[in-house]
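Visitor: Chain order of the listed sequences is A and B.
Its first residue numbered 1, the first sequence is counted upward by one per residue in our numbering.
Its first residue numbered 1001, the second sequence is counted upward by one per residue in our numbering.
No lab work stands behind these hints, which were simulated from the structure alone.
Remember, predicted model here, so these are calculated numbers, not experimental data.
One thing to keep in mind: the hints can contain errors.
Computed spacing ranges between beta-carbons, pair by pair [what the hints assert, rightly or not]:
hint, chain 1, residue 1, chain 2, residue 2, range
1, A, Q131, B, E1265, 50 to 58 Å
2, A, P97, B, T1516, 36 to 44 Å
3, B, R1191, A, P97, 57 to 65 Å
4, A, E177, B, P1187, 52 to 60 Å
5, B, T1241, A, K7, 43 to 51 Å
Calculated cross-link-like contacts (lysine-lysine; reagent style DSSO-like; alpha-carbon spacing at most 27 Å) [unchecked claim]:
hint, chain 1, residue 1, chain 2, residue 2
6, B, K1234, A, K188
7, A, K7, B, K1011
8, A, K182, B, K1234
9, B, K1003, A, K174
10, B, K1298, A, K194
11, A, K73, B, K1357
12, B, K1271, A, K182
13, A, K10, B, K1314
14, B, K1357, A, K188
15, A, K188, B, K1314
16, B, K1271, B, K1217
17, A, K194, B, K1576
18, B, K1373, B, K1326
19, A, K188, B, K1298
20, B, K1373, A, K194
21, A, K182, B, K1298
22, A, K73, B, K1373
23, B, K1271, B, K1298
Here a beta-carbon is modelled for each residue, glycine too, at the ideal position from N, C-alpha and C.
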Amino acid sequence: MKKRMQKTEKNVILTGVGGQGNVLASRALAGMLVDAGYVVTIGETFGMSQRGGSVMSHLRISPDEVKSPQIPKGRADIVIGLEPVEALRVLAVYGNPSTVVLSNNRPVYPIGVITGELSYPSMEVIRAEFQRLSASSRMIDATGAALEMGNPVLSNVIMIGALAQTGLLPIDRKMFEKEMNKTLSADKLAVNLKAFDAGVALMK
Amino acid sequence: MSKLLVPASSKVLFLGNEAIARGALEAGVSVAAAYPGTPSSEVIESLASVARERNVYVEWSVNEKVALEVAAAASFAGLRSIAVMKQNGVNVASDFLLHLTASGTRGGLVLVSCEDPGALSSVNEGESRYFARMLEIPLLEPADFQEAKDLTKWAFELSEVIGNVVMLRSVTRMSHASGNVLCGKLPARSRRAAFRYDGPIMDSQAGPMISTPVVAKHLLHQDKLQDAVALFEKSPFNRYTGPARPDLLIVTASACSLYAHEAVEMLAVEKRVGILKLATTWPLPPKLLTRHLQAAKKILIVEEVLPFLEESVKILAAGLSADIRKKPHFGKLDGTLPQAGELNPDLVAAAIGKILKVKLQKLPASYAAEAAKASALVPVREQTFCAGCPHRASFWNIHNAIALDGRDGFVCGDIGCYSMAALSPATGYSTMPTLHSMGSGTGLASGFAKLAPFGLDKPILTVCGDSTFYHAVIPALINAQHNRADITFIVLDNAGTAMTGFQPHPGLPVSAVKETVPAVDIEAICRAIGAEVEVSDPFDLDRTSKILTRFLSEKGRLKVLILRQACALSPEKKGKKRFEVAVDETLCVGEACGCNRLCTRIFRCPGLTWDRTKKKAVIDEVICAGCGVCALICPQKAIVKTDLSVSPS
């Protein structure tokens, strides 16, 4: 089903920790939206900044215009967290009262937390902060679902499935399948579709 | 079919670097050479992926200077060629570049420099734009993805018009950003190579390719540059948007023009501010600039890193009417914009707001206060070696050997993932106090080793990666051997150019286009230089530390240790665990052990964490890569590893 073009611009930030598949998820989302006729700009950094560090992709979705690859502070419409404190880190800088948050609930502990020098907020605290700083928020166990499928890195695709289910962006399973079909072999495509469906199921 | 080869009129999502690669293909590029470096590597990776289909010769060269030389040879033979590098790569290539711009070129030659304002993936904020001015070659800067493609294509044509190198500068936010690109036609045929050198010395097409007679050729070179200026005056890539007589004229280029557009929108000052987006940033087209400077009341120059464009505009304005000279010029020099670091829409909006006295609409104060409270809850995420990274084990060995030796030895660092040992000292167990350019660790070590007679008598160690070894270390190593520098030189050989994405290097039997090629052996080179060489697996802590301890105690010569273990993220290793690792809770005695939590406080692997309730170490199964090294360091033997490569029979 071809969805109606949205007239307004949307700013989406995908965030997580290096190695979680942030870049692939943002490209998959962008690819679907370009095919749907939008002008999409993705801003991201990779290379040294991703070695165990925080990563973030800025997605600008516009009906007609190339946007700055960096979203201005306080102007994110949607924050997708592959890791919960990373979602909070981003929300505190780029969020506003109408931002929507969708986050994985599985922590990846920073070294400072592992050594005991820093503390990692509890899920209850993170959830409360999400609620204070957003119009609506949702946390799902994407890594848990991915581990059930045998590969934790699938959590990024599970998050895309969950995002599709929110209806916040004009994307659906067919578009995802078409996008994955461009690069993946048949068996990998099947695994990714399964992960997408798992994401959808987590939102029901 | 590769996305890079889509037919004309297709609209696709391209990474900035892919757009540059497509532009080169549309221009009919025949030869492409580069040394990997973030954020430039994807240009060559993209071209390598379609090399066969498009009949392009693509190589990863040993370093940037050689890459430019390889590209220049193609140009001399009439082919179009491209050399790609990151900002500091231009420094490496600059000696040849100086002579190349003096001899001139034939087939279009484009030098692409992808720079890193803010040093997001660099240890410098280097600028190559000044090379364009110093060497008198045109500088082009794309401002979006479409332009990254179109401008690259045009750069080849321009290079042939002026018979010289054209420099195209991108930045991280362009090279590593993505956007829609409408593709053009790919040429049906490739050129044939022919190198003529039998003509008169001043004949740029048929004479020898040399820089002499220097003065005569220099004058010719400068003359040709004026042809570029004439084209720049009418170039559709230079665009103005805004009112005819703006209160404020923004002169900008590259990703900064997107920030400027966004900032103007954020402040809703479209009726007062005009933006002159330049794609041809050196030499500036004087007539175009004069017209816009004339029409505006005030001028703001928006650019990243050094005030290159600002200086150029001011130099131009100095020769114009008093009316223009008197107009206030804002930018980096007067502090309106930050003098270092990358820009973003917020910083540009703040600058415009300050000049026009317009306030940016802010979030409600209560929200901002809540956001600040939330930020305070978020722990810093320090960069570190990945779980299973061989460098962690290597530095563990190095640290322990230095500690055993007891004379406060130290390591001179070099460029690669292992730079993290200097950038985040606890990650390298505080062993690495210096970090500069590629190969400079060995040169510095060679120098430090000569300071004993002056009172600095310590063991001197240095490290370099396998790719770095070939790029710039060999001369420094020869220097150390020839001058009897007592250093322990350690190659952290992780079987690829890991930092930038596993590009092959001369030590591997595979080329950029996946052909089998001769591998050049590091061990054999070191032996040929005359050094004593040992090879070890850094995961073998016992053997590695024995070698290191011996090396540190044996004075007076160059000693080489090659530590071989593939990167944890390498395609052959990724996702495959060698060991299943677990903590035996009955053996881990936690804080009571007396080891000061060696595993989680000192070793610092992200896959090995601390259970705050049980007060014991625990393996994070999602993060752990199964290298098994932590099992070797636990004094209680509480970390247990099971070899997964041995099938239970």
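Visitor: Take the hints in turn and mark each one as holding or not.
Guide: Against the structure, the hints come out as follows:
1. A:Q131 - B:E1265: 50 to 58 Å: Since Q131 of chain A and E1265 of chain B have Cβ atoms about 30 Å apart, the given range 50 to 58 Å is violated.
2. A:P97 - B:T1516: 36 to 44 Å: Violated, at about 60 Å.
3. B:R1191 - A:P97: 57 to 65 Å: Since R1191 of chain B and P97 of chain A have Cβ atoms about 60 Å apart, the given range 57 to 65 Å holds.
4. A:E177 - B:P1187: 52 to 60 Å: violated, 34 Å
5. B:T1241 - A:K7: 43 to 51 Å: violated, 22 Å
6. B:K1234 - A:K188: violated, 50 Å
7. A:K7 - B:K1011: holds, 20 Å
8. A:K182 - B:K1234: violated, 40 Å
9. B:K1003 - A:K174: Holds: K1003 of chain B and K174 of chain A sit about 20 Å apart, inside 27 Å.
10. B:K1298 - A:K194: Violated: K1298 of chain B and K194 of chain A sit about 58 Å apart, past 27 Å.
11. A:K73 - B:K1357: The hint holds at about 20 Å.
12. B:K1271 - A:K182: violated, 44 Å
13. A:K10 - B:K1314: Distance ~39 Å between K10 of chain A and K1314 of chain B Cα, so the pair is violated.
14. B:K1357 - A:K188: Given pair K1357 of chain B, K188 of chain A is violated - Cα atoms ~56 Å apart, limit 27 Å.
15. A:K188 - B:K1314: violated, 57 Å
16. B:K1271 - B:K1217: violated, 49 Å
17. A:K194 - B:K1576: OK: K194 of chain A and K1576 of chain B at ~22 Å, within 27 Å.
18. B:K1373 - B:K1326: Not satisfied, since the Cα-Cα distance of roughly 47 Å exceeds 27 Å.
19. A:K188 - B:K1298: violated, 57 Å
20. B:K1373 - A:K194: violated, 39 Å
21. A:K182 - B:K1298: violated, 50 Å
22. A:K73 - B:K1373: holds, 16 Å
23. B:K1271 - B:K1298: Measuring from Cα to Cα gives roughly 14 Å; hence the hint holds.
Against the hints set out earlier in the document, violations occur for numbers 1, 2, 4, 5, 6, 8, 10, 12, 13, 14, 15, 16, 18, 19, 20 and 21.
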